[in-house]
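The primary structure of each chain is shown beneath.
4 protein chains.
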Amino acid sequence: MIMAFTSVGLTARTDQEKALDLAKELMGYLEEKRLDILVDPEVAKRIQRIDSASALEEWKPDFIITVGGDGTILRTCIHVPKPEPPILAIDMGERGFLAEVPPKDAKIAVDKSLRGEFTLEHCKKVAASVEGEALPDALNEVFISADAPVKLLYANLWKDGERILEVRADGLLVASQTGSTGYSIAAGGPVLDPETNVFVITPVCPLTPFPPIVFSENSTLTVEIERPHSALIVVDGYYRKLVEKQKPHVAITKSKNVTSFIRFRKKFYGRLKDRLLYPKGRRC
Amino acid sequence: MIMAFTSVGLTARTDQEKALDLAKELMGYLEEKRLDILVDPEVAKRIQRIDSASALEEWKPDFIITVGGDGTILRTCIHVPKPEPPILAIDMGERGFLAEVPPKDAKIAVDKSLRGEFTLEHCKKVAASVEGEALPDALNEVFISADAPVKLLYANLWKDGERILEVRADGLLVASQTGSTGYSIAAGGPVLDPETNVFVITPVCPLTPFPPIVFSENSTLTVEIERPHSALIVVDGYYRKLVEKQKPHVAITKSKNVTSFIRFRKKFYGRLKDRLLYPKGRRC
Amino acid sequence: MIMAFTSVGLTARTDQEKALDLAKELMGYLEEKRLDILVDPEVAKRIQRIDSASALEEWKPDFIITVGGDGTILRTCIHVPKPEPPILAIDMGERGFLAEVPPKDAKIAVDKSLRGEFTLEHCKKVAASVEGEALPDALNEVFISADAPVKLLYANLWKDGERILEVRADGLLVASQTGSTGYSIAAGGPVLDPETNVFVITPVCPLTPFPPIVFSENSTLTVEIERPHSALIVVDGYYRKLVEKQKPHVAITKSKNVTSFIRFRKKFYGRLKDRLLYPKGRRC
Amino acid sequence: MIMAFTSVGLTARTDQEKALDLAKELMGYLEEKRLDILVDPEVAKRIQRIDSASALEEWKPDFIITVGGDGTILRTCIHVPKPEPPILAIDMGERGFLAEVPPKDAKIAVDKSLRGEFTLEHCKKVAASVEGEALPDALNEVFISADAPVKLLYANLWKDGERILEVRADGLLVASQTGSTGYSIAAGGPVLDPETNVFVITPVCPLTPFPPIVFSENSTLTVEIERPHSALIVVDGYYRKLVEKQKPHVAITKSKNVTSFIRFRKKFYGRLKDRLLYPKGRRC
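If you read the protein sequences in the order shown, they are chains A, B, C and D.
Counting from 15, one number per residue, gives the positions in the first sequence under this note's numbering.
Counting from 15, one number per residue, gives the positions in the second sequence under this note's numbering.
Counting from 15, one number per residue, gives the positions in the third sequence under this note's numbering.
Counting from 15, one number per residue, gives the positions in the fourth sequence under this note's numbering.
A few of these clues could be false.
[Said to hold, decoys possible] List time: in silico DSSO-like cross-link candidates among lysine-lysine, alpha-carbon distance up to 27 Å:
#  : chain 1 : residue 1 : chain 2 : residue 2
1  : B       : K287      : A       : K32
2  : B       : K281      : D       : K261
3  : B       : K268      : D       : K281
4  : A       : K287      : D       : K287
5  : B       : K32       : A       : K261
6  : D       : K47       : D       : K74
7  : A       : K268      : C       : K268
8  : A       : K287      : C       : K255
9  : B       : K165      : A       : K259
10 : B       : K165      : A       : K261
11 : A       : K287      : B       : K126
12 : D       : K261      : C       : K259
13 : D       : K121      : C       : K261
14 : B       : K287      : D       : K255
15 : D       : K268      : C       : K255
16 : B       : K173      : D       : K281
17 : C       : K268      : D       : K165
18 : A       : K268      : B       : K261
19 : D       : K74       : B       : K165
20 : B       : K261      : D       : K287
21 : D       : K281      : B       : K287
22 : B       : K32       : B       : K126
These are computed hints drawn from the structure, not numbers from a lab.
None of the values given here were measured: they were computed from a predicted structure.
Please model the complete structure; the sequences and the hints are all you need to start from.
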């Protein structure tokens, strides 16, 4: 694959010194390579490079480098304009599921990326809207609950206009294939193989036992919130929307957008084994 | 058993018209019986009997009548002074686990209560304190989480001064024997037989699979919250305390207090069967 | 839909007197309608109609009537030649998930079937083979375990020629969409919506927590049994094959065959609600 | 603690060359120490020391050395006469939960044992009987199922003469405190803290969701098997009893016997962490 990368967006987790150090080091390396560099303003401030700061919402680089964990990636995807540039994800310490490149290989990975020596992994996303108003797409999952912990959510589930089930639970979680190995698994959800065209809805602490249900990605799933009248919708653990309305409808479908990762080696099941055996921080 | 009941506290769920109607009807019946009656102020207002209103925090009646579900009972127990008078629980519609008497039998149950024709079921409670400050005892469970849904809680578990495990989960739930059939079961916890002297800690959506653990009621369990610095502690789904502190310690032991129910017939496993097969609202 | 049904196969569960009684009654009714009738030999014997007995393995009727539960259907599907005629499933008492028609409506259902007033529900099946030798297709699930209970199965999972995971568990269960509401759900598997093109593999009592995994029906899944050297493969709870071999491979794919049900009204989620709330016997 | 150990029983797993090698080496070491040595006949044959062979059923040594995993321990406990001598458990490779001493420390552990420099961990056992006939005590668990995999067990549960629940499941598992970290956890059972006086019954693949139930060790639990008429009872994964009877009763209580382990350091929760994070073979 030949892609002439001439610009790059750079972000990092800001609660970890070594992530910022590596970001700074990569910054120098990318300048040597004469790339145009956009830096997440928060990161730019911390590494004294305000000159290169650029709001994520305005990024249009050829590719993005994230130095952190899954959380750094998820937050970046929520903010950058669509379609998203491919992401080179450097994995800092608490190894996440999405990030692949260990810090010591960061420069080699940049070199390979510039030479086009990689494959792209395309991850489908989930689109949610509340009463017709779109939320940011979810790479991992959309979570629906009452506005505070330990409050029961009463909801009706609709599929393509047919009312199919009612649920009483602490929360409902709709995960994409990518998200099936994240929060969803902790709620008892299944892993979805990358070649499936489905998503999965899993209740959190259902009042009566209620199994996860796997739907075709071509279905439109609607969650009609009966109670309470103040509900919370969380996208990928970062974007939070409080909905104060009588019986709001949350519609969930496949997004038109994807997130693409620059990959060098490890496949899905290799990463899954790591996730199941040596799990690290879920949000970082 | 002979108990000379001369005073009674009366409360009801206020979001249900028929519960209020029955409360009003019972009010008249109790007056005929010449009992001293204390009425929950909110209920008193709704049934036009402000004259008998009395704050739960000041109740010292011989027994209490609750017209509602488990939620009505749990809320009452949080507020009344200790030791708690025995509770006659009338079960409104969405039958709970703790309430036993169907509405149509309410007056008969009152008669039997006044004649002493009942058994008392004593339910142990869980005592929690945050940094030495006591919270209300829990009849069902103490729940610890981050201050908002979908935020990971990092905690260390101590048992009698020994650090035993670390947990990363959405929340931690410590349930009494009574509470083991409530919220705890939805999180995957076991049922505790009434003759056991234990309580159970169950994680909600743990990052890595983490089984429920059953402890002796003579143990002191301490949850040391590593992160986040804003945590929420919820007692019986009603009492909510936000803790904003570095690494607060939540200590959990058996309470010196019990809650006692006036029972006529159904035993624990009869109620459990109903709960598992025909579950109704968890909080009402 | 117009289908000229002129012949019918009739079977029933033989451990239930009222199922046999209804089969006998239907037999008379079908004769009035002048249909050619093939009767399961075991049933024929019990209802004194040996004259019409015909081995299931030789049936080629226009449609089949089963009087029983899911077990009666599963057993029938294992034995009849492919492609399978559509099935009119009368549901006896312990209501199953697949059977729909209550006994009192049996004759009306026959009438409607003969007039073509129904829809056909087509259910995909799972094809399994051991070392290249095909087993009967599964309508519900293929189960792989050691040859006796409480023996650990050591297996490697391959997907389309790639070794993806190793599993240590009491058993492994690969369920079709139809089977996802059966045994699979008891092992913690998700429900698969009828519009998905997937199947699901779920471990039974895994040594280490191991989530169910959902695969595209276009994948070939291979279970390589490491240990023990005597393994058991069970199709739909009826067909049992003992495999005594070093490291046998069990290959699992989508079958070319389907099972079709004659349906009058209830949809998938209506039946699912019944299954979750009022579950009856799994095998009958 | 001063105990004058003058005799020792020696056993090892026989499917692992290095376990046998270590057993042979220890044999020599124990002879140097002038101990009377009883060797498991199967092991004696494999290490060419038939001269010291002695059937487990006749062992009365001061202590026992097991070279293997949990399986070796469980099998030994089933066979040796009661009360059982304390066990020094050398852990071979696939580290189990019960064995503690790594092979390289085996001789040091023997020295310490002879000098009395250890603590004893006493593990309660579960006693089961079928129709009044006692089975060997279980250190870990008693498992009850149909006589073959994938057959539903219909059973009624009695507690101290009261019929409390009915269960339909693949199997039922009653685990001791010690066994709660073994097979039971794989079926969804809770961990029981060593200071609890309880055992836990957990269904395997229940037809309808059925939580694990924790009972006081002073309760007598009776499983009345409704169906099938050929049932299997397995103690600690080794002792298997086929019961062919109409509705047999399996009674389960606390045993009068305990199993004692010679321990040097690691406590319960240290071992639990290892079990949850780096689980090894369940039966070896």
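What are the numbers of the hints the structure violates, in ascending order? Violated hints (numbers, rising): 1, 8, 11, 12, 13, 14, 15, 18, 19 and 21; every other hint is consistent with the structure.
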